[in-house]
Each structure stands twice: as structure tokens, then as C-alpha cells.
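*Asks:* Since the structure of chain A is provided, determine the placement of chains B, C and D on it from the hints.
4 protein chains.
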Amino acid sequence: MGDSFVPTRDDHFSFGLWTVGWQGRDPFGDATRAPLDPVYAVHRLAELGAWGVTFHDDDLIPFGSDEAAREATLKRFRAALDETGMVVEMITTNLFTHPVFKEGAFTANDRSVRRYALRKTLRNIDLAAELGAQIFVAWGGREGAESDAAKDVRAALDRMKEAFDIFCDYVTERGYPIKFAIEPKPNEPRGDILLPTIGHALAFINELEHPEMVGVNPEVGHETMAGLNVMHGYAQALWAKKLFHIDLNGQHGLKYDQDLRFGAADLKSSFFLVDLLEAAGYEGARHFDFKPLRAEDPEGVWVSAAACMRTYLILRAKAKAWRADAEVREALAAAGVPDLSQPTLAPGETIAELLADPTAYEQFDVEAAGRRATNIERLDQLALDHILGAR
Amino acid sequence: MGDSFVPTRDDHFSFGLWTVGWQGRDPFGDATRAPLDPVYAVHRLAELGAWGVTFHDDDLIPFGSDEAAREATLKRFRAALDETGMVVEMITTNLFTHPVFKEGAFTANDRSVRRYALRKTLRNIDLAAELGAQIFVAWGGREGAESDAAKDVRAALDRMKEAFDIFCDYVTERGYPIKFAIEPKPNEPRGDILLPTIGHALAFINELEHPEMVGVNPEVGHETMAGLNVMHGYAQALWAKKLFHIDLNGQHGLKYDQDLRFGAADLKSSFFLVDLLEAAGYEGARHFDFKPLRAEDPEGVWVSAAACMRTYLILRAKAKAWRADAEVREALAAAGVPDLSQPTLAPGETIAELLADPTAYEQFDVEAAGRRATNIERLDQLALDHILGAR
Amino acid sequence: MGDSFVPTRDDHFSFGLWTVGWQGRDPFGDATRAPLDPVYAVHRLAELGAWGVTFHDDDLIPFGSDEAAREATLKRFRAALDETGMVVEMITTNLFTHPVFKEGAFTANDRSVRRYALRKTLRNIDLAAELGAQIFVAWGGREGAESDAAKDVRAALDRMKEAFDIFCDYVTERGYPIKFAIEPKPNEPRGDILLPTIGHALAFINELEHPEMVGVNPEVGHETMAGLNVMHGYAQALWAKKLFHIDLNGQHGLKYDQDLRFGAADLKSSFFLVDLLEAAGYEGARHFDFKPLRAEDPEGVWVSAAACMRTYLILRAKAKAWRADAEVREALAAAGVPDLSQPTLAPGETIAELLADPTAYEQFDVEAAGRRATNIERLDQLALDHILGAR
Amino acid sequence: MGDSFVPTRDDHFSFGLWTVGWQGRDPFGDATRAPLDPVYAVHRLAELGAWGVTFHDDDLIPFGSDEAAREATLKRFRAALDETGMVVEMITTNLFTHPVFKEGAFTANDRSVRRYALRKTLRNIDLAAELGAQIFVAWGGREGAESDAAKDVRAALDRMKEAFDIFCDYVTERGYPIKFAIEPKPNEPRGDILLPTIGHALAFINELEHPEMVGVNPEVGHETMAGLNVMHGYAQALWAKKLFHIDLNGQHGLKYDQDLRFGAADLKSSFFLVDLLEAAGYEGARHFDFKPLRAEDPEGVWVSAAACMRTYLILRAKAKAWRADAEVREALAAAGVPDLSQPTLAPGETIAELLADPTAYEQFDVEAAGRRATNIERLDQLALDHILGAR
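Protein chains in written order, with the working numbering: chain A, 982 to 1372; chain B, 982 to 1372; chain C, 982 to 1372; chain D, 982 to 1372.
Pulled out of the complex, with its shape left as it was, chain A reads as follows (with noise of 0.2 Å):
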């Protein structure tokens, strides 16, 4: 295997401005990095090959700043976007760091913050439309409990709708070309954060007005932070045609959100995600959302973003060493795969028609059929030789 995982423009990888712009301050520490300017990283990932920047309001125009500053702020951004040819693929809205969201922000209790956090996001979609983001994202970080006494789930899932109903009736209004993108995440900050999994973003969108706005972000993190299985949960979020944007990253397990850089935890996991992504024909961009380490120095910073993307482009090319493999597919054959494509009804077979083959049950060879071979070991390991480079 060479060494050509050099990322380019056309892979459409993007980050987020505040994940090399991470101080490292962590629960039990200061800071370790300075502050970094939004303009400089631009040019650094554009130099490492990256083709798009994402951010909160507040990683770009600090919490507070006046027009004037904002505007300032804006112009010598998007000199930078400018220069580079970076482009701004999504924006967020911090909801999460100001003491003013510690209970909530469409969900608080106080009902001038949940307007607060209306307007905040509004003026923020705005901005969101004029530096030509077509996702919009949305993490809940601080809608959730700590305690079952304090919250009204159902009245804060209503709160959550209002929201979402009025943000894609904004959107209408003022004929943006944006949708919606909601991140689930289980815990962390909140003790326990609502919509919490893919899923459960999945079935809120469907009470939504318009749900054909709204998709999911999901992050491999957060789902690995619920012990569930990363591929599978992109996968039904593909199903229900809602992946609308990714999060990838690091996370082992349960524990802390990590936020480790793409692969760097579970590879095979990893691994097969990209298959999946690939596959499908995910048109998105290949955002990450990592940290990098807190003992890293400033430099450290660009290391782990490079190898975010080199990682993305190695198992990119694994995977598809590995659908071109004969005997891959002659395995997946062997286990059964494709038949899966195929209905279990046979093309206008009816219900009735199903009740009449006997062959469907009276006659049907429990026995044999439960010991049959199913072949899953087998081709698991030559899952993990592709990975391991073994073959």
C-alpha cells in the first residue's frame, strides 16, 4: 500500500473551527493552547488540504461583540474563505457555553431564555445564509436533566418543536436554501441530554411540520457514547434518507466525550463506516468533529487534523480494495448478503398466497435450516485482513 492519502479539495473534507481551535480546557484543567485565529486556521487547513470550514456564532464572532466588531470580524473572514477558496458548508449556534443556557435553551424552564435562544439561533441562521452554509446544525447540549423531578419531558419535546417548526418556517419566509441538521448526543453536559440517539432525533423530526427539512448529524462519539453500533445508526439515518450531515471522530467507549481524531479509537468500526458512506453515495461532507489532545502544543493541533483526513482516505481505499475483492464477494455470497436485497414476498405474491406454500412452513426443514453455515466468521476476518492490510 503507498503512501498517496494526500487530501485535495475534491474529498470534501471540512472541520470545525472549534476543534483546532480547542484551548484544552478541560473539567479538571486550564487551557493549554492560546486562542487561535479563525483567519490562520482557515489557511492551514486549506494547506493540509481541507475544503471547508464549519462553526458556532460564537467560535467566530465572540459572545457579545458589537456590530461594528462583528462586521469587522466577518470581511477579514471571508477574505480568508476568499483566498484559500474554503467554503463555509455548515454553521452551528453555541447554546452551551454562557451561564445563561446552564438549564436549557429552546427547552429551558425560564421562558425568556427559551426566546432568547430563539432569536440567538435566528440571527444566527441569517448569517448562516449569507456566507452560503446550506446545513444548519443543531446540538442540544444543555436541553436535558440532571434530574427527573426537574424537567417535563413531554412539555420540553413540545418546546423542542416549536423551535424546530419555527426555524424551518424562518427559512421558508426568507427562501434560504438551508436545512436542518439535529445532532443527538446521550449525555454530557447535561446528565442526560434529550434526543439522545439517532434514533430518537429520527423520530422527533417525524412530529415535526415540515420534516423533510430536518435531518441528523450524527457523531461516532455520541453514539459510542450509548454503547450502539456507529454503522448501524448511519445506516438508518441513510434509510430514512436523513443523513444530512456527519460528525467523525474518536471515542472509546463508555466514558467522557473524547473526541479523539477519526480512528483513532475503534478501526474497524471506522473502517466500515467509511464503507457505508462510500456505498451509499453520502454527498455530504466529510466533517470532523475532534479534539486534539489537550497535551498537544499548537503544532500537535495540525498534526492530528492531517491525520484525520489521511486515516478517512486510507480506509476510503480499503474499503474499496475490499467490494472489488473476488473472494470477498464470493464470501458475502456465502453468507448471504446480497439475498438480503431480495423481498421475502415474491414479486405479487400475496399474504393468502404466502399461507399456501407449504414450502414456506409445513414442509420447511427447521433442522437443516438452524444448521446451516452462515459463513460470518470467515468473512469477518477477511474484513480484517483488508484492514490490516494482510492482503
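Take the hints with a grain of salt, since some may be wrong.
The list cannot tell twin chains apart, which means a pair is met if one copy fits it or any two copies do.
Dumping the calculated SDA-like pairs for lysine to any residue here, alpha-carbon to alpha-carbon at most 25 Å [as the list claims (entries may be wrong)]: (1) K1142 / P1324; (2) K1301 / G1234; (3) K1222 / D1063; (4) K1142 / E1190; (5) K1056 / E1143; (6) K1142 / P1192; (7) K1160 / D1011; (8) K1056 / R1006; (9) K1056 / A1015; (10) K1222 / E1143; (11) K1142 / Q1323; (12) K1056 / E1343.
Hints listed in this document are in silico derivations from the structure and should not be mistaken for laboratory results. Just so you know, these numbers come straight off a predicted model, no measurement behind them.
*Replies:* Structure of chains B, C and D alone, referenced to chain A:
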């Protein structure tokens, strides 16, 4: 607190035959208890104050029974129901014990197994109708995988949808007054199970041809196995009007499926679940899906079954007292809990009006709002006091 | 159950200054509360009924203070202790907040950091002696790694042993009446922390030059973060005569370190922990290491601190009632619990005699023993009844 | 990377008879495979390149066999060993399958069960000696509880110690060249198992009369089930000179005990474990304790067994290449990894000298040290490249 926690039929407690009938076979050990006659179980449960029983087809009628044995068994069983007044409130299908289902049932890669699974289920739906069960639960215990290579998840969801569409058509054709309830579970016995949480099941249901006929049957332990807040999940199901049935039990966090008796693990969470069910006017069965500890002898089985009901009744009384306590009501108000039911927009308020309201943003004192009292700890401790009987 | 759960100094409750002083800064949010004056904290805690305080060096004396500031601070602090009668029962060192410790302290790959960490700790041992603290806790929050490539674990354990051997020599040389207590934690803020559980810490202590001077300081939440049974862990520490100090709090399973107030998460486990501590005659401080919820305002802090003590007192009263209940004693006997204290060999019995006893093997009726009653469910439900105040 | 990963006897691979012999019975399903003749298993494993086998008494000699049947079985088995040259490197006792052990074995509340468990084990120690096994593993699968009320943990540890003290005395008396290895596991089949992790087992061993005769047998999956870093745990066991035996397999995080084939779950962690074992000169058997997937037919069993060895050999080759790579050596140095082996005190340096060294504290530039490069991300990505075969 007096000792009047004796169940009656009006409490609508029901038990799976497989719960009290569990013989104690586990992955590392042989059965510790002899098989239990379902007729005996019906009588014992009735004596303890239960209202109903539920079962998998094979719990009552051993797999592979011929027609005559089947009829004889059903006749005895019906007689027991008549004698005791017990109802069969739910029926479900065993699609997991026999080796034929080792690689799945509705989503097995082998199409003949899928057809067999449909037939086994359709036959069991007839039985449900015959016995008057109005809820038909579907737990897809074998619908999953241990290897990401060996299951095309999107195809599997297609097949799962095909199955439920068929079942809905079938009960419609036959005019059965039956609704379906999907039981989510993240894993075990498969490494990862499809539709792993309440959220994923709700999202799936929305893709069906007849979503109105299908709801969920969440289990306390299963949601716990994904590290999720149990009450939150049930609340989202209620919010979506999909809480068709429930499985009450206990589970100590992320490990093998324990099926402890109700209340035996997370007592505080159990309290808030009962509070939710009672406050929301949930009208279905209070159904226990637990396993008496393997170490118990046959009499210990009935002790544990009685304890499930007793604990529910104690918690129900406590939930009532909690809601009636004036100090609690004041504390709920101080924490702003009831305020969340008030829409964030004023009645008739438009987005334009929200945008034009300076008190919502321009004049909103975020710093003061960030310092406001939320009074959660006090409220939560009041709940603890109620649970502990310390007030 | 009356409401007499008001703590007194005789209850030996103590609090870390960092607990009530936590400002609510978390990985996703800024501080919600102003810094708390330690002198004020001492007074408020004394008023609430606490007996002592504990602290990291930097909690009291800001990192980098000069000698004069240090002395002034200590003088004010000592005066507060004198006025209130509060004791400093334990001191610990902050080896995790400053960026210098970003890659470890005693086990940092950088030797100069290791030397600095030793010096900072030795200086703090002097302070402990000066203030009369007899327990010196060591939590190695940064002693770990996110990458298996970047830490030689065996070398790290050598360095950890070197550090503790130095500290033991130091207090011996100086004649300080101080013992050390290692606080295990599986992860956070590092991906994996060395000495992750009570067991690992106990095992490590046995490799030291002076194991008799070092014990453990287990935290409820930390053991829960490894999915372990909290009471079991404390019991093994007691069994090894190594329970030198404790951290009481609450944690909902495997997620970020929640530091909930004591009893707020797993109530049943909290009951059995209190029962163990009281039954075993644990004589150390009942020390709380919790964080008042970030959403609370400054008054909420004291509500939560008071609640920690109240819950302990309630559970202590319940444990006493549980042990005194005749039916419980009978149920414990029926479950064979006291029998486990009887040695398996008879007094003086040799192995040869055991081998020659046919009742032990050749004539032992394993089938009958396999069917015996164990009466666990009944006993456990009695415990639930006691916890719930339902008897 | 060529395909030369064919095991030979010199690789010292061994398998439990219960691994390839697992019939696929799980908590929700019946057996999918017929019983496997141990003699056939010995031959097949030998053909695949294995060096040894291990077993529980009951794996080879069915529970309850009479003396004649026992001898006949042993004779056939010995012949298979002779024919194939396979060794029995370890033996262990089944103290968990039969109902008699439902409430524990060495720590059952029932003393007669404890005596029976001692006898069953002593008998099996004789067999181990007879067959030349030098490692005797003890997994206390039933030594635990589901209820904190029903087990006196300190008494249980007394009884556990009594058992191991007896066993050590016994092999000493008999002059058997046998050592014991305790296998920790956090839970399953009991809700909580005593000695739940490597750490707890090491700590326990230190309380025995003959700690030098007892070590640990850690299992990849078991440590994963406590959310712990597998390599860290093995490293602490090596550090304590207690890694007497190992169980290699795979496990996806916190769920039921999966016993996947080695490498099938966390590939990166598996790499670092192999790297540790090889670098540390671990000389024991490379022993696999896995379960071929229940869905596999009998031939799939051997595919999975071969895959365990193949993956080990691939990872061993990679570990060697990793250690030999000049860029890796440079990156390790840049990350300071080798520096950790240097004592923190200089040779002969006293504490007084450390205290007198101003460069260690007074003149130490903590801010600069806080900004230093640690180069972890680069090193970790190099490891990823090696694992993926991308360099």
C-alpha cells in the same frame, strides 16, 4: 406508611409466562428449576393479585407440537383463564430460541428463514385474536449482527418494514382488533440488535405503511443497557402517542440482560417512571418482564413476582403523595417546571414579532439570567425524601 | 420516620473546599458561579453541621502565590477554623489543573515535570502536618494516557512507586503522623488513568516499600464509572485494612464524572454502602466529594451540601433499623448470610481429613443442593421495603 | 505484507476445549451445534498449528461420570495428545454449570457447597498434575451476588482466601509443580462477581499465605467489560510479576460476555496488547478463550479458531516492525516515552537534595513546561499506519 400494598385486578398487573416460568438456564449454567405448567402459573398469579398473562407461542405450546397437542393445551389453558378470570392481554412470537433463527428471523440473510418467520408470526396473530389479546409484541432478538461485514443494515430495515407491512395488512384484512408494539433492545443475544432503542423503533415505525397500527413496548432494562434515561425514553414514546405496552423490570447498568424484578436496581428512576405512567394516564397493562434469580427455588419465584407488584404499588402511592405535597408543588414552581408547558411564542405571536421584541434579545440581561436560581437540588432532594419515606 | 436528620460534629461530616467552591465550569460551559472565599465556606459548612474541611493546596492558596500572600491566606483560614471549631482532616495536592501536568505528574514522560510534581507534593505534606491533617490523599488525575503508544505503563508504575516511596520516607523522617490514601479513577480527564479501581490501587500499594503507610480513598462515582459494585469495592478495601478515607457522592453509570450529591443516583447502593461503613465500624471522616449542579445559584450550593448529610443520616438510621429488624435477621439466616462467616474447614480439620470425608463429596447430594431454597429475592425485597420506608 | 501467517507449535498457541466445543446455547437460544468430541478437537487444533489445549474437568469428563468412564475417557484423550504432540498446558475447574453452584462455590453461603467445591477442585488438581499442566486457572464465575443484602463480601473474601490457602498447601504437600492463576471478571453470570478486575485479583493474592504461588489469568473481554484499558491491566500484572497465563479474545465494550475471536473487536488495543506481551518477553501460552459465533456451523468453528492465530501472528509481525521502524523510534523519543524509565531522582540523590535543587521548583518554568510539545498524536498515528499496513 401502612402496609396495604396488595394488588387487585384493577391494578392491571400482568406477567409473561416466560418470567415465572424461567428455568434459570444461563450462558454458564444449567436449569435450576423444573418446567412450570402454564396452567399452574395462571392460578398462582391470579392468587397473587395479577390481572393478566402474556406469552410467546412456544411458552404455551411447545415448538413442533402437532395440532392435537396444540388444541389440548389451549383447551386446558382457556379453562384456567375462565376459572381465574385472568386475561391474555398480549401475545408475542418466539423468533429466537430455535437454531433456525440463529442469523435472524424477518431479517435473516436466508430468505426461506424469513418466510418461515412470517408464517410463524401470522399463525400466532390468529391465536392472539382467538384469545382476545389486543396487543401483539414483536421483539426482534435475533435481528442483528456481530459482524458489520455480514449484514446489510439498510436491506435489513427494508425486510423489517416488509414484515410489519404484511402484519398490518393481515390484521386489517381479518378485522382483528390488534395493534403491534415493537420492543427495542440494543444487544444480546446478538452483538448489536436492529432498532436498539425506543427512538430507533419510533423512527422505524414512521416508515411503515400503517404507522398508526404500530407502537412500542419499551423495557426498563433494555433502555438501561444503552445507558439511557428510562423515564425520558418512555416520555418520548408517550409524546409520540406510541406507548402501546410496557415491560417493567430492573437492570444494573451496562452488562448482560439481568431482568431483575421491578425496582430492584435503580429505585429513583423506577419512582419517576411510575410517576410518569400515572401522571400521563397510561392505560395499558402494568406488565412485568423479569426473571426470578436463577438461585431461587420454585417458591422464590412467587415471592419475586409478588414483590414486583408490591413495589409498583408502593411507588404509585409515593408518586401520588409527591404530586399532592404542597411543598413539592411550590418547589416545582420555584424550579420553573410548570412554566415549560407555556409556549415560547405568545399566543398568535409571529416570528416577525419575536424578532421585533427587544426584551427577547437586545435588552435581555444574559448575565442576570445566567445567575438565576434554578432550585433543582432542592426539588430533587424532596423527591429523595418522598422515596425514602422521610417526610 | 420523623425529621431529625440534622447533622452534628459527632457525625464527622467533611467537605472538600473544591466541592462547594466549584464554579460550574465544564467542558462545554463557562463558570456560572463566582469564586467562593474558603473562609466563608468554612463558616457556612460549620453552620450546616459539618465537622471538617479538606482541600487541594491550590484551592486555598492560588497557584503561584508568593510567600506573603500564602501566609496571609493561611492566617485567615486558621482563624476561621478556630472560630468554627472545624478541622482539616485531609489535604491533597492539585497535580492536574495547570498545563504543566498535561501529560502527567509523577508519571509524566518529562522528568523535570516529575521532579516539580514531587516538590509540589512535599511542600503540601508540610502544610498538611502544619494544619494537623492526618490523611493525605493522592488522586493521580493526569497519570494516564489517551494513546497506548505514548506511555510505558510498567515504567510509569515504577515512577509512581518511586514517588510514594519518597513520600513515605519523608513523613517518616519528619515524624509526621500522616498516612496516604490513593484515590482510584478509571478515566477522565485522561482517556485511561493508571490505578483505575480500588483493586488496582490496593495491588499497587503492596509493591511499595512501606505499604502499611498507604491506603485507599475510594469514591462512589469513580467505581461506578467502571461499572463495578460500589459496596463490593469498599468491602474489599476494608477487608485489606486499607480504607483510610472515603469520597461520597453519586453517579449515574458510565458517563462523564458527575459528582452528584450523595444518594442522588443509586439509592439502594448508597444504602448498602452506609450499612457497610456503619457495620464495619469505619472510623474515618464521612467525606463528600460532589459538585453542586452547574445550574444552581450560590444558595443552591448549600442546599445540596446539606442534602448530602441529610441523606447519609437517613440511610444510617435505616441501616440501623434494618439490622435491628427481627424479620430481617430471620431472612438473613434463611438466606445463609451469617453462615458464610463460618470457615469451610472444621476447626483443626486438615486437607487429608477433608479428602476423607465422604459427606463432602462422595455422598453429597448435588441434585438436592441444586434445588435448595436461597431466599435472596425475599431478603432483597425486605431491604427495598426498609429503604422505601414501607415497613 | 506477504501471507505467511501460518502458526507452528513454537508459537505456543492453545485453546480451551470449551471454545471450539461451544454448542451455541445462549440465554435466548438452544444449541446450534452438536457436542464435539475432545479427541477430534485435539486433532483438528493440532492440524491448524496449535500447540496445546486446556479444559475444565467437565469439558473432558462429563459431570457425574463414574470411575470407569472417567478412565476410559482419559485414556482416549491421552492417546490423542500422544498422537498429535499437543500438550495440556492448563487445567481449570467447572464450578458454575451445575445448579449446586447457583449461589457460589468457594463463597457459597451454604457450607456444604463450599466443601464440595473444594473437593471437586482438589480432585482436578490431581488431574492437572497427572497430565502435566503447570497452570491451574480459577475463574470464580458464581462467586458473587445480585443483591447487596445477600452476601457478606468480607466473609466471602475470607472464604476465598481459605480456599486458595488450602490449594497452595495441597500442591506443596504433594510436590506438584503447579501454579494458580485467578481469572477476574466483573459480572456475568452473577450480577457482580468478586475479584472483578486484574487489580482486585492482584490485591487479593497479596493477602494469601503463599502469594508467590498465585498469579492472574486476565481475559481481554473481561477487562473490556469493566471499561478498562486492556493493555494497562496486563502491564500492571506483568509489573507485579503475576501474569501467569492469558485469555485472548474480543469484546465490543460493555455488554454481555461476547468472547469474540481475538482481534475481532478492538484492533488497535489488540495490537498494543501483542506488542506488550512480545516486548515484555511473556513466555506463557498464547491461549484463546473465545466462542465461535452461535450462527456458525461446525466448519465455521475451525475457521474462527484459525483466524485467532492468524490475527495474533499478523499483529506480532506488525509489533516487530513497529519497534524496528526508525521513524517510530524517533517519534517515541520525541514523545519522551523512553525517558519515563529514568528514575525521577538522580542516582543516589536524597530527598534533602531534591528539596535543595532550585531547578526542580523555584526556578522551574512551569509556563514553558505547560506549552511544551508532547507529540502524542503523531506517534499514535504512526501506530495506526503500522496497524493499517499504510507504511
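*Asks:* Starting from the hint list further up, note which numbers the structure goes against and sort them upward.
*Replies:* 2, 3, 5, 7 and 8
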